[in-house]
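Engineer: Chains A and B, in that order, give the protein sequences.
Per the working numbering, the very first residue in the first sequence carries number 275; after that it's consecutive.
Per the working numbering, the very first residue in the second sequence carries number 15; after that it's consecutive.
The set of hints was computed from the structure by calculation and includes no laboratory data.
By construction, the Cβ of each residue, glycine as well, lies at the ideal position given by its N, Cα and C atoms.
Don't take each hint at face value.
[What the hints assert, rightly or not] Selected chain A positions facing chain B (in silico; Cβ < 10 Å): (1) E277; (2) R283; (3) A284; (4) P285; (5) Y287; (6) I298; (7) L319; (8) K328; (9) I385.
[Claimed, not checked] Here are some chain B residues the structure puts well away from chain A; computed CB gaps all over 10 Å: (10) G41; (11) S112; (12) V134; (13) A188; (14) L220; (15) S270; (16) T292.
As a plain string of letters, each chain reads:
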Amino acid sequence: MFELDLRSRAPIYEQLVAKIKELIVTNVLKPDEKLPTVRMLASELTINPNTVQKAYRELEYRGYVYSVPGKGNFVKPNVAKDNALRMQTLEKELVRIMAEMIYLGMTPREIIALVPTEDQGGNVND
Amino acid sequence: MIEVERVSKQFMDIEALHDVTLSVHKGSIYGLVGSNGAGKTTLLKILAGIYKQDGGEIAIDSQPVFENNSVKARTAFIPDFLYYFHNYTIQDMATFYSRIYPQWQQERYQKLQEVFNIPVKRRIKTLSKGMQRQVAFWLGLSILPDVMILDEPLDGLDPVMRQKVKSLIIQDVAERAMTVIISSHNLRDLEDICDYIGILHQGKILIQKDLDDLKADVHKVQVAFSGDTPPTLIQDMHSLYHEKRGSVSILIVRGSYDEIIQQVQAYHPAILDILPLTLEEIFIYEMGDNGYEIKNICY
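Using the sequences provided together with the hints, build the complete structure.
Structural biologist: Quick look at the structure:
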């Protein structure tokens, strides 16, 4: 389904959370779609099953997935709601990044040109 | 579940283990790392019931291990130096195992042949080092162990086989909640499959922690200033280690990402990078704290 960067410094469960979140936000994983089982994902990526479990719990806590006992984990429909806090931190980060870009010589106009318009779609990178 | 409570072991006047306490939960993979001669193999051999500890308690599922057949029947131990009977073929060895281990599963043994793909009629002594190791995993996994004790298990396996073996172990952990304790020097190998890490040094456990917590707890900060580096910065940060490379200061700091970023931002740095440490770096800095330095050799 996806690859992890095992050479990256970021903890594996954080990478997993970020990857799955990305797939949900970009609608690759559809609402109510079943996520791969812990066992499958763990052996596919050769990572510890407990790490996968932990990532799923974290995603559930953050409201991206829901679990049905005995059935597995599913993508939660309309994730939008309780994202206010996350939006705030993202906004702060963005301000910080833009400040750095301006400091490094980029003009506000050039930064605005990076904002994806509706027909292009977003280009999500790390 | 494996419980080790204040275990010590002495060989003549060498103290191999001193008051070692650790526990491995059911269905967890515990990575044991340490300097050369730290006592890893001794600890694993005590866990496997080969040595008897001088002091302290060891229990697997609340039962003592030494001379306890019911525990040993459910434990697979792969030592660093493998031993096979002279002139035995893989098939002979499998027959031997099937008589010794009550949980032996012939079906699994045959299925695993597809994975390892070594003719069972081959005499084990004629196989290469890596292939002998594959046989150890093949036989070990065929007894459907509840506990696996692995001493440098991936040594000598090629990258493809490494992945295969890891994924076989992971399947058993996920499906049957097998408990694994694994020692290795190759910290990259441990980073992906372990969820718990213990560092052993001179017979003592220096640190043991959930791997993700371990990584979230310590960060590497690279910071540079347009003017001089504020002298108070280094004191303020309570760094474990700091070093200056040109105008860039490198600090190893305990604390969460957010805390550190706030603290350093207060000094208005020109460049600020905060990275989680790799397991290798955690190992090196923790060891450096304990007088086991890398520095003068490397630089």
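Engineer: None of the hints should be skipped; say for each whether it holds.
Structural biologist: Against the structure, the hints come out as follows:
1. E277: With a closest approach of 12 Å, the E277(A) hint is violated.
2. R283: holds (5 Å)
3. A284: holds (6 Å)
4. P285: holds (5 Å)
5. Y287: holds (5 Å)
6. I298: violated (21 Å)
7. L319: Holds: closest Cβ of chain B sits about 8 Å from L319(A), inside 10 Å.
8. K328: holds (7 Å)
9. I385: violated (20 Å)
10. G41: Violated, since 7 Å does not exceed 10 Å.
11. S112: holds (26 Å)
12. V134: Its Cβ never comes within 10 Å of chain A, the nearest being 25 Å, so this holds.
13. A188: violated (4 Å)
14. L220: holds (20 Å)
15. S270: At roughly 12 Å from the nearest Cβ of chain A, S270(B) sits farther out than 10 Å, so the non-interface label holds.
16. T292: Non-interface label fails for T292(B): nearest chain A Cβ at 6 Å, not farther than 10 Å.
In this structure, the hints that do not hold are numbers 1, 6, 9, 10, 13, 16, in rising order.
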